[in-house]
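The lines below spell out each chain.
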Amino acid sequence: MSMNVNVRATGGIPNWAKALTLPIILLVIWQAWAMTLPETSPAPAPLKVVQSFAELTASGELIWATIQSLGRVLAGFAIAMVAGLSLGVLMGSSRIVRENLDPIVESFRPIAPMAILPIAILWFGTGTPAALTIVAYAAFFPLLINTIHGVSRVDRQLIRAAQTMGLSRLRTVLVVIVPAAIPSVLLGSRLAMGVAWTAIIAAELAVGAKSGGGTSGGVGQMMFVFYAYSIDLNGIVVCMIVVGVIALLIDRLFRLVEHKLLPWRN
Amino acid sequence: MSVQMIHPKPAPKLRLKGVSKQFVAPRTGQRTLAVADFDLDVQPGEFICIVGPSGCGKSTMLNMIAGLEKSSSGTIEMDGKAISTPGADRGVMFQDYALFPWKTVRDNVGFGLRHGTAGAGMSAADQEDRINHFVEMVGLKGAENKFPHQLSGGMRQRVALARLLANGPDVLLMDEPLGALDAQTRLVLQVELLRIWGETSAKADRKTVIFITHGIDEAVFLADRVVVMSSHPGRVSAVLDVDIPRPRTEEVRLDPRFAELSEEIWSLIRDEAYRAIA
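Protein chains in written order, with the numbering used here: chain E, 1372 to 1637; chain C, 39 to 316.
Careful, some of the hints might be misleading.
Claimed, not checked - No more than 35 Å apart at the CA atoms, straight line, and that leaves these computed lysine-lysine pairs for DSBU-like:
hint : chain 1 : residue 1 : chain 2 : residue 2
1    : C       : Lys55     : C       : Lys119
2    : C       : Lys108    : C       : Lys119
3    : C       : Lys55     : E       : Lys1631
4    : C       : Lys55     : C       : Lys179
5    : C       : Lys184    : C       : Lys55
6    : E       : Lys1631   : C       : Lys179
7    : E       : Lys1631   : C       : Lys184
8    : C       : Lys108    : C       : Lys51
Stated by the list, open to error - Now the stretches of chain C that chain E is said to cover, found in silico as 3 or more residues with beta-carbon under 8 Å:
hint : segment
9    : 120–128
10   : 133–140
11   : 223–232
What the hints assert, rightly or not - With beta-carbon atoms standing in for the labels, derived distance ranges:
hint : chain 1 : residue 1 : chain 2 : residue 2 : range
12   : C       : Gly93     : E       : Leu1620   : 49 to 59 Å
13   : C       : Lys241    : E       : Lys1631   : 23 to 33 Å
14   : C       : Ala163    : E       : Ala1388   : 53 to 63 Å
15   : E       : Leu1620   : C       : Ala63     : 48 to 58 Å
16   : C       : Gln68     : E       : Leu1633   : 36 to 46 Å
17   : C       : Glu166    : E       : Leu1627   : 25 to 35 Å
Hint data in this document are derived by calculation from the structure and do not stem from the laboratory. Values in this document were obtained by computation on a predicted structure and should not be read as measured data. Cβ atoms here follow ideal geometry from the backbone N, Cα and C, with glycine treated the same way.
The shape of chain E in the complex, shown without the other chains (with noise of 0.2 Å):
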């Protein structure tokens, strides 16, 4: 028999059992008061929550709504990564714009991302395109700062050791600035996504409210529905529990991204 690579000196309990034992008491301890609680009360319970996954996931329901959020994120990303990376290096690079453009960006920025909603609908509808545009605005900021950040704190000396080889002008920003100025990007892409994963479930709860569900789709309208017509707790839960475990992979999938493209980084 060989030994347990593994085990570690104290006791020999891996560290990932150490990690679920008091979540799989409390859930237990859930489970048990649920199971006091008269068969037709709405209070939410492990087994019910279980059971309703399996149901919607079954249905292709919860699957169709997830996809149509992430899509909508994605959709968002994209175009806040256009404007704010171009933005970015602009503002990153010219002091002049910088100084001009701070102002404004400052005021914009604390302003909530579910604060503007009004206006999208307004503008543009509810559904997709105001969505959209909830989503775009939440994940541009976070795109922008880090992108300024990474553009106009590139070490100076490294620019003129470049200069110094006869590189040109814009071959320094091609081979210099811009691959000094990536880990503060995927940064910035990072905090990006996660807000703008919050933003779409926000939006879409909003916004199905508006529309009376229906139109808008997506995890966070399966939310408003299960809250404002069905009552159904455990489904609530379900959604709860998909954000969390999407934000968590969106979280991961990042930084391992990061891990790979910046093998230079630790």
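Chain C: place on chain E using the hints.
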């Protein structure tokens, strides 16, 4: 006619005449004279060290020769032609090495060849050969695929040196390149620097070097001539010939002449050095 041409005085590689640099503070408009009336002729293949108290304008002087900063007055000529912009004919080794952190050792060494003017007209294979040559020369074989953050200070310094040499500049401008290293590594690299510079070969094959340092013993060990600067404003207070024969080895440090020259330089800057910390 040809008889008189047997020992012609070589034209200077670099000629600095009355070079001054004035900085104007952006808001107050206050003027500071960083370098005043700097005169120096540097012969081809000569190793010049510039020493002086911190803030005496030695880095500013080097940046002006590199073309990274403009002089306020005076002329800087290389091979008889005025210099005002950076160019690959003058390679710079920066104090903090200025290595590209996202590039491996190999790609840092090859940076100027691939992206700059040094590699123009050179085939990719020739570039690779040249990179290999200098990677080996500075003793980095085996570390080619590492990133700068994985290297020790001494190894980063070697990468910077290989990158500098790979570009094949006529003049090497070095801004305290050994300043950030520990004392032992410095001593080792001083000897190695002289070897790579080509101390053992003919003088005609050597590069012209301007080397800035605050180490007096380092200057005496390396240089053909030591330029001593004083500060406020930075100007040349003395130029000393180092008449210690080459090739120089560790034993040179025990030479009485080595101590004499070091003492002489120290006496020129000690007053200012004491004043600076008083």
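Results for each hint:
no., hint, verdict
1, C:Lys55 to C:Lys119, "holds (13 Å)"
2, C:Lys108 to C:Lys119, "holds (15 Å)"
3, C:Lys55 to E:Lys1631, "violated (52 Å)"
4, C:Lys55 to C:Lys179, "violated (43 Å)"
5, C:Lys184 to C:Lys55, "violated (44 Å)"
6, E:Lys1631 to C:Lys179, "holds (25 Å)"
7, E:Lys1631 to C:Lys184, "holds (16 Å)"
8, C:Lys108 to C:Lys51, "holds (19 Å)"
9, 120–128, "holds (count 4)"
10, 133–140, "holds (count 5)"
11, 223–232, "violated (count 0)"
12, C:Gly93 to E:Leu1620: 49 to 59 Å, "holds (55 Å)"
13, C:Lys241 to E:Lys1631: 23 to 33 Å, "violated (51 Å)"
14, C:Ala163 to E:Ala1388: 53 to 63 Å, "holds (56 Å)"
15, E:Leu1620 to C:Ala63: 48 to 58 Å, "holds (53 Å)"
16, C:Gln68 to E:Leu1633: 36 to 46 Å, "holds (43 Å)"
17, C:Glu166 to E:Leu1627: 25 to 35 Å, "holds (32 Å)"
When each numbered hint is compared with the structure, violations occur for hints 3, 4, 5, 11, 13.
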